[in-house]
Each structure stands twice: as structure tokens, then as C-alpha cells.
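For the protein sequence lines, the chains are Y and Z, in the order given. Per our numbering, residue 675 is the first one in the first sequence, and the count goes up by one each step. Per our numbering, residue 675 is the first one in the second sequence, and the count goes up by one each step.
I should point out that these hints are in silico values taken from the structure, not numbers from a laboratory. Computed from a predicted structure; not experimentally measured. Careful, some of the hints might be misleading.
You can't tell identical chains apart in this list, so a pair holds if it fits in one copy or across any two.
[To be verified] Restricting the straight-line Cα-Cα distance to at most 25 Å, the calculated cross-link-like pairs of lysine-lysine (BS3-like) are:
| no. | residue 1 | residue 2 |
| --- | --- | --- |
| 1 | Lys918 | Lys894 |
| 2 | Lys714 | Lys923 |
| 3 | Lys714 | Lys921 |
| 4 | Lys805 | Lys918 |
| 5 | Lys894 | Lys714 |
| 6 | Lys714 | Lys905 |
| 7 | Lys714 | Lys918 |
| 8 | Lys894 | Lys905 |
| 9 | Lys921 | Lys805 |
| 10 | Lys805 | Lys923 |
| 11 | Lys905 | Lys805 |
| 12 | Lys805 | Lys894 |
| 13 | Lys905 | Lys923 |
Protein chains: 2
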Amino acid sequence: MSLNNIRIVMINTSHPGNIGAAARVMKNMGLTRLYLVNPKQFPNYEATAMASGADDLLSQAIVCSSFEEALEGCRLVLGTTARERKIQHEFVNARDAGVLSISESQQHEVALVFGRERTGLTNDEIGLCHKLINIPTNPDYSSLNVASAVQIVSYEVMMSLHLLNQENVGLNANQNELDTEESADYASSENMERFYEHLQQTLIEIDFLHLEQSPQLMPKLRHIYNRIRLKQEELNILRGILSKTQKLK
Amino acid sequence: MSLNNIRIVMINTSHPGNIGAAARVMKNMGLTRLYLVNPKQFPNYEATAMASGADDLLSQAIVCSSFEEALEGCRLVLGTTARERKIQHEFVNARDAGVLSISESQQHEVALVFGRERTGLTNDEIGLCHKLINIPTNPDYSSLNVASAVQIVSYEVMMSLHLLNQENVGLNANQNELDTEESADYASSENMERFYEHLQQTLIEIDFLHLEQSPQLMPKLRHIYNRIRLKQEELNILRGILSKTQKLK
């Protein structure tokens with residue numbers, strides 16, 4: 675399963691720093707294909723500085739002279755809007771956009787589209803999008819930086835892939851082996867019982883516990899330590915403390 | 675339902691621009707409370723420039739001289755790590771961290787913690803976190819900018835609130851009251867710290883702990899007890915045992 679069929683399209687970006695920042699967050703999230711429709715300044719040193727190690731994405735970026743050109747070959751086009759406008763269009767949230775992008779990109783090319791810093795997408799551009807992505811924000815301060823929007827949508831794409839991979843791995847028998855290895859060093863129930871006996875004995879010896887007066891103390895302590903799922907190594911430390919305490923008497 | 679009980683804690687941030695960028699993305703996502711532990715340069719014009727309209731968050735930011743100070747009053751502390759290290763700690767992904775933050779912040783204070791740009795959180799700092807947040811990234815380019823990490827986690831908090839508001843219809847008032855009673859009595863970070871001091875002092879007195887010979891013992895014990903999320907009542911029992919043990923000497 676790969677992210678090669680997903681492209682990020684940035685339209686008419688004013689600040690080259692935003693292009694660089696977008697490239698960086700794309701690469702963090704495993705996306706590599708950046709399309710720039712009439713960027714104001716590109717290539718540009720500010721873009722390169724902000725890309726911080728993702729300059730390979732910038733050098734491979736495809737500069738287009740029209741939005742249509744940037745969408746060539748795409749069968750799913752999702753546009754991002756700052757807020758829900760009064761337009762008749764189907765909206766999805768960023769999370770669903772991530773899921774949709776991953777599932778559809780297995781069959782065909784998907785474009786995730788980001789508009790101008792100040793004015794977003796024009797109505798004509800919205801007309802070319804199959805759905806619009808809405809990112810929930812603070813209504814009193816909703817203007818997301820364009821690179822932040824790229825960040826969030828790219829993250830949701832990565833997260834969708836990540837969860838899908840986890841599900842696939844879960845179906846795989848090898849996972850069981852891994853789980854077994856992982857949990858091999860948890861203390862066994864028998865050893866937990868020995869610990870509780872040791873704890874009770876110590877508390878009686880140091881005169882903290884009088885079973886008849888406080889029948890609830892041991893159940894409470896069990897409730898504390900049962901919640902942890904102690905490793906055997908940790909249990910050994912606790913029992914070491916008990917043994918040392920017993921010697922004080 | 676509000677986000678007022680959730681604070682973002684940034685530790686030892688080197689670049690003031692990252693603090694400003696974090697403030698901006700926080701405000702976009704409805705978060706307002708920023709705690710800065712020993713920032714390298716703050717206040718600073720670069721922070722203000724990057725905040726771009728979120729400078730109110732910067733002027734209200736609380737500068738602390740220790741991580742413990744920044745956690746005062748918090749009953750859930752989630753730390754962010756760049757990748758899963760070989761440490762024994764409970765991990766949650768950013769999405770689950772958002773859900774957890776929203777649900778717990780209805781009862782008590784929650785801290786979302788972000789480490790240094792290059793080196794993240796120290797092991798001691800991790801020891802103060804109940805869980806660690808893992809953000810899935812491209813394994814070949816996994817170093818997330820700290821403001822990007824703040825962005826993603828803040829977005830997940832906002833998204834969780836957003837989805838909850840959508841589902842709001844099903845919320846039962848009685849259930850809310852029950853939940854409040856249930857979790858209101860978790861021990862605070864300060865009381866946990868007092869417990870660890872008491873534990874350390876007792877182990878030294880009973881000659882079990884020699885700090886120079888076993889520097890790893892207290893971190894291991896912290897790791898055990900932090901996993902439990904002790905109630906105050908339970909903490910009182912454990913401290914009672916410690917006091918009794920001290921009297922044996």
C-alpha cells in the first residue's frame with residue numbers, strides 16, 4: 675500500500691515559505707508529489723529554507739499554468755476550504771478525507787487541493803472538486819495557515835494508512851507471536867499472588883495491618899497493583915523493598 | 675464543554691519562532707493556555723511575528739522554571755515523542771490522545787507536553803508523563819517540527835470536541851455526574867511528587883536505596899506508580915505504609 679497516487683496541489687501561493695513548509699509536512703507524512711499552480715515566487719530560497727530537508731520534494735515539484743493541468747489523470751479531487759461557505763457542495767471532514775484518499779488512491783490518482791493564503795479557492799476551482807474538505811477550527815480564529823491545512827490533511831492521510839496497516843497486521847498470525855514476545859516478561863498471576871502474600875505479611879509485621887480491624891486494606895492494595903500489569907523485573911524490586919523492610923523488625 | 679482545562683507545555687524550546695507558530699495553531703484549534711518551561715528566548719519578536727494574531731496567547735503564556743511547576747494541578751499528563759523509543763511506557767496515538775484529553779478535561783486539568791526541538795523529552799520528564807503520544811510519520815523523515823507536533827495534537831483535541839458535539843444528543847446528564855465523581859479524586863502531580871520524595875527518603879533510611887549506586891531505581895519506581903494513576907485515597911494508604919516503615923528505624 676503506498677501514497678504514490680496522492681498529490682498535493684497548491685494554487686497561486688503567495689509566500690514561498692508556505693510552499694517550503696508544506697513540502698516539509700508532506701514529507702513527514704510520507705507524501706511526495708507537489709503540484710504548484712502559478713506560484714507567485716518559485717523556486718525561491720525561502721521555500722528551500724522552510725523545507726528543511728524536504729528540498730527533494732521542491733526540486734521534483736511540478737509547476738503548472740492552470741488548475742486543470744495540475745489535475746490531469748485524477749479521478750478524485752478534494753478541495754480544502756477554511757470554513758463552510760454557503761455553497762451547494764458535498765463536504766467531508768479532514769479525517770474522512772484521509773480515509774477516502776487512501777482507499778481511492780489504490781485504484782487511481784487523487785488530488786488534495788489548497789487555495790490562496792487569503793482568499794482560498796474560487797468558485798470555478800470549487801466546481802472542479804468532487805468534495806470539499808472542512809477542517810474544524812476555533813470560530814473566533816479560523817484562518818488556518820495554508821501549510822497548517824496541508825499538515826492536517828496530510829496527517830489524516832498518513833493516519834488512515836497507519837490504522838489500515840495496523841488492522842492488516844492484526845489479521846496476520848505473526849502478530850500473535852509478537853504479542854506473546856512482548857508480554858512474556860509480565861509477572862504471572864502466581865507471582866502476583868506471592869507478592870500479595872509477602873506484602874500482607876510485611877504489613878502485619880510492621881504493625882500497619884490488623885486484618886480484623888481493616889479487612890478492606892488488602893483488597894484496596896490489590897486493586898492498586900493489579901491495575902499496573904507489573905513486569906517480573908518490577909515485581910522483584912517491590913519484593914526486594916518488602917524483604918528489606920522485614921529485616922528492620 | 676470547553677477546552678479551558680487543557681494546557682500545552684513546551685519544554686526548553688530553542689527557537690522563539692516555534693513558540694509563536696505553536697501559539698497560532700493552538701488558537702486555531704481553540705486552545706489558549708501555553709506554559710513555557712525555560713524557553714531559550716522569550717518574549718521575542720520572532721515568536722510574536724510567527725504567532726500572527728495569536729499574540730494574546732503569548733502575552734498570557736506562563737513561563738516556568740521547572741517542568742514540575744508547569745504541571746501543577748494536572749491529573750493527566752501526556753508527553754509527545756518523535757518515535758517509539760525502547761522505553762517501557764504506555765503509548766497512545768494522537769487521535770486517542772485527543773479523545774482522552776477532551777473526556778478527562780471535563781473533570782480536571784490536562785497537560786499536553788512537547789520537548790526540545792532536537793532531543794525531545796528526557797527520561798526524567800517522560801517519568802512524569804502518564805502516557806506518551808506517538809504521531810505516525812514517514813520512517814525516512816520522521817523529525818516533526820515541534821510546532822507541527824503541537825498542530826497535530828491540538829487538531830485532534832479540536833476534532834474530538836467537534837465529533838463529540840455532533841454526537842451530543844446521546845449524552846446523559848446522570849452519566850456525567852457519575853463520571854465526575856469517579857475521576858475527581860485522582861492524586862495531583864504535586865501529591866505524586868511528595869509521594870516519590872517520601873518513598874525515596876524511606877528507601878534511603880531503610881538502607882535499600884543508595885542513590886549513587888542505583889540511579890535507575892527511582893525512575894523505575896516512578897514508572898510503576900505513574901502507570902496506575904493513583905487516587906488520592908490510595909496514595910494516602912501508600913504514604914501511611916511509608917510513615918510506618920520510617921518509624922521502624
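How would you classify Lys714 and Lys918 at a CA-CA limit of 25 Å: within, between, both, or neither?
-> This pair counts as neither: shortest intra-copy Cα distance 45 Å, inter-copy 45 Å.
Classify it for me, Lys805 with Lys894: is the Cα-Cα distance of at most 25 Å met within a copy, between copies, both or neither?
-> Intra 15 Å, inter 24 Å, cutoff 25 Å: intra and inter.
Using 25 Å as the alpha-carbon threshold, which applies to Lys905 and Lys923: within, between, both, or neither?
-> The answer is neither: 28 Å in one copy and 30 Å across copies each exceed 25 Å.
With identical chains treated as interchangeable, where does the CA-CA distance between Lys918 and Lys894 reach 25 Å or less: within a copy, between copies, both, or neither?
-> both (23 Å within a copy, 18 Å between copies)
Given identical chains, is Lys905 near Lys805, meaning Cα to Cα at most 25 Å, within a copy, between copies, both, or neither?
-> both (17 Å within a copy, 17 Å between copies)
Within a copy, between copies, both or neither: where do Lys805 and Lys918 come within 25 Å Cα-Cα?
-> neither (31 Å within a copy, 31 Å between copies)
Are the CA atoms of Lys894 and Lys714 at most 25 Å apart within a copy, between copies, both, or neither?
-> neither (30 Å within a copy, 46 Å between copies)
Within, between, both or neither: Lys921, Lys805 at alpha-carbon 25 Å = This pair counts as neither: shortest intra-copy Cα distance 35 Å, inter-copy 36 Å.
Homo-oligomer pair classification [Lys905, Lys714; C-alpha up to 25 Å] | Neither, since 36 Å and 39 Å both go past 25 Å.
For the identical chains here, do Lys894 and Lys905 meet the 25 Å Cα criterion within one copy, between copies, both, or neither?
-> both (20 Å within a copy, 11 Å between copies)
At most 25 Å between C-alpha atoms: does Lys805 with Lys923 qualify within a copy, between copies, both, or neither?
-> Result: close neither inside a copy nor across copies, 36 Å intra and 38 Å inter.
Taking 25 Å as the upper bound on the Cα-Cα distance, should Lys714 and Lys923 be classified as within, between, both, or neither?
-> neither (46 Å within a copy, 52 Å between copies)
When each numbered hint is compared with the structure, violations occur for hints 2, 3, 4, 5, 6, 7, 9, 10, 13.
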